[in-house]
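**Student:** Based on the sequences and whatever the hints tell you, model everything.
Start counting the sequence shown at 1; every next residue gets the next number (my numbering).
The reader is advised that the hints may include incorrect statements.
[What the hints assert, rightly or not] Cut-off 20 Å, straight-line C-alpha distance, at most; resulting in silico cross-link-like pairs (SDA-like, lysine to any residue):
1) K73 / Q36
2) K88 / R74
3) K27 / A7
4) K61 / Q20
5) K61 / I26
Worth flagging that the hints you see were computed from the coordinates, not collected in a lab.
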Amino acid sequence: LDVEADALHAVHQGEENSQQAMAENIKQRTAAYILQRAQELNVDLDIEVVVSNDDIPTPEKIYLSGTVAPFAKRQLQLMIEQDLGIAKECQIWT
Numbered sequence: 001l002d003v004e005a006d007a008l009h010a011v012h013q014g015e016e017n018s019q020q021a022m023a024e025n026i027k028q029r030t031a032a033y034i035l036q037r038a039q040e041l042n043v044d045l046d047i048e049v050v051v052s053n054d055d056i057p058t059p060e061k062i063y064l065s066g067t068v069a070p071f072a073k074r075q076l077q078l079m080i081e082q083d084l085g086i087a088k089e090c091q092i093w094t
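**Tutor:** Okay, structure coming up:
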C-alpha cells in the first residue's frame, strides 16, 4: 500500500514540476517578446509576468517598470493587448 501511495505522490510531484516548468517557460518567453518589442522602440523595461493556474498557463497580468515616453507606452500597451491578449487593465506600469 505504501508503494502505491509513494507512486501516486511521485506522479503528482512530476505533474506539478512539469506545470511549474511550463509556467516558467511561458513567463520567460512572454517577457522576452515584450522586451524585444520594447527595444525596437528604444525602451528599457523590467518585466514580471504572472500566469494563470490553468492546465496550460496563460499570461494574466504583467508588471512593467522603466522610463517610457507616452507614445512608446501606448504602442507597447496596444501590442501587448493585441499580440498577447493581455488587457490594458492587466498591464501594471510603474
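**Student:** Work down the list of hints and note, for each, if the structure agrees.
**Tutor:** Now the hints, each set against the structure:
no., hint, result
1, K73 / Q36, "holds, 14 Å"
2, K88 / R74, "holds, 10 Å"
3, K27 / A7, "violated, 30 Å"
4, K61 / Q20, "holds, 17 Å"
5, K61 / I26, "holds, 12 Å"
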